[in-house]
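Chemist: Sequence:
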Amino acid sequence: MKSIFIFGYYGFQNIGDEAILSCIINDLRKFISNPKIKVLTYNAELTKKEHGVDTISRTGIVQVIKAIKESDLVISGGGSLLQDVTSSRSLIYYLSLIFFAKLFNKKVMFYNNGYGPVNKKLNKFFIKKILKKVDLITLRDVDSKRELEKVGLRNNNINVNVDTTFTLMSSDEKKLDEIFRIESIPFDKKIVGISPRKWRNDGRTKEVIANAIDYISSKGLNVVLIPMKYPDDLEYCNQIKEICNSNPYIIKNYYSPKDVLGIIGRCHFLIGIRLHALIFAAAKLVPMIGIEYDPKNKSFLEMVSQKNAGRIEDIEEEDLFLYIDDVLKNIDVYREILKDKTKNFKDMALKTGKMASELIDE
1 MKSIFIFGYY
11 GFQNIGDEAI
21 LSCIINDLRK
31 FISNPKIKVL
41 TYNAELTKKE
51 HGVDTISRTG
61 IVQVIKAIKE
71 SDLVISGGGS
81 LLQDVTSSRS
91 LIYYLSLIFF
101 AKLFNKKVMF
111 YNNGYGPVNK
121 KLNKFFIKKI
131 LKKVDLITLR
141 DVDSKRELEK
151 VGLRNNNINV
161 NVDTTFTLMS
171 SDEKKLDEIF
181 RIESIPFDKK
191 IVGISPRKWR
201 NDGRTKEVIA
211 NAIDYISSKG
221 LNVVLIPMKY
231 PDDLEYCNQI
241 KEICNSNPYI
251 IKNYYSPKDV
261 LGIIGRCHFL
271 IGIRLHALIF
281 AAAKLVPMIG
291 IEYDPKNKSF
301 LEMVSQKNAG
311 RIEDIEEEDL
321 FLYIDDVLKN
331 IDVYREILKD
341 KTKNFKDMAL
351 KTGKMASELI
361 DE
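Taking UniProt numbering, the leading residue of the sequence shown gets 1, the next gets one more, and so forth.
Think of the hints as simulated: they come from the structure by calculation, not from any bench.
Be a bit skeptical, because a hint or two may be false.
[Claimed, not checked] Calculated cross-link-like contacts (lysine-lysine; reagent style PhoX-like; alpha-carbon spacing at most 20 Å):
1) Lys-106 <-> Lys-2
2) Lys-106 <-> Lys-128
3) Lys-120 <-> Lys-132
4) Lys-129 <-> Lys-106
5) Lys-351 <-> Lys-145
6) Lys-284 <-> Lys-174
7) Lys-150 <-> Lys-132
Remember, predicted model here, so these are calculated numbers, not experimental data.
The task is simple: from the sequences and hints, build the whole structure.
Modeler: Here is the structure:
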């Protein structure tokens, strides 16, 4: 029985990261017979309940090192784990896990990760020194590869792929009907989804989004605010609703990634700040308008040729209204573009599971 240790930003009720973990586990099980999977998480009980795997707390350092030592493969499980925008603490923590894995001569793999931004020179130095020892690196976009090359990492084992969550399956229609009933969302009009997040220019962004909601509502459409991280995004959605003149709906309860994928799949189009709201929309062929708070959003929107309303700090209400009008007018065109751009994404994402199985068997 092969033993696999997965680390990432898990147990924080972030839908995107939980979707990544769910897909990694399911994809590994497709290619590796009965793997013994242990996951590093903030909330061991929650992660064990949601994903059906053994778990270990991020704070139990001795237990973490023991788990690494007992594994056959250590996986950096998706997302942009290596970044220093907020602080260097998490970056150093994740690099330390890789360091110990290689110290114990373990196979290490980056599983469709994003990378950056990393701004501090010392952090870039550590990244180059440690990542050059990683056995296999798969990345979810070409910009991540370019940024790694800028720090001097030019390994032959770096592969550009897509985000892992393109293998996620949505909940069935019966389950989604029940969710819409619980959330009191009617079926009388088309739905526009909005996935916001709090950022530095909080007040201005909130006002722009609220006005966009009123603008969309004036066109005879229902707006549903879709939190992707609880409770942070839910609180922010409530704040936005308070300053709206219209009456948007809010997904108030925490649902599984496959439920949220299904909810977004029912949208006419989506306005998203959270990356995985955009990825979920693309997976369900829902046209989108993205707003950048991080370079990863820009990279993804370019990959799927969808509207980018610009940086969150600079977004103008009038421009956003024009983008909304354009998407509504050309909705079928944008859907066909998505269909063409994403047609191979599921197979590409699934291929990483096969690469992991080949690495662990070497």
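Chemist: Next step is simple, just say for each hint if it's right about the structure.
Modeler: Hints, verified against the model:
1. Between Lys-106 and Lys-2 the alpha-carbon distance is near 12 Å, which keeps this suggested pair within the 20 Å criterion.
2. A distance of roughly 18 Å separates the Cα atoms of Lys-106 and Lys-128; the hinted pair therefore holds under the 20 Å criterion.
3. With a C-alpha separation of about 18 Å, the suggested pairing of Lys-120 with Lys-132 holds against the 20 Å cut-off.
4. Between Lys-129 and Lys-106 the CA atoms are separated by roughly 17 Å; this keeps the pair inside 20 Å, and the hint holds.
5. About 18 Å separates the Cα atoms of Lys-351 and Lys-145, which keeps this hinted pair within 20 Å; it holds.
6. At most 20 Å may separate the alpha-carbon atoms for a hinted pair to count; Lys-284 and Lys-174 meet this at roughly 17 Å.
7. Of the supplied pair hints, the one linking Lys-150 and Lys-132 holds, its CA atoms being roughly 13 Å apart against a limit of 20 Å.
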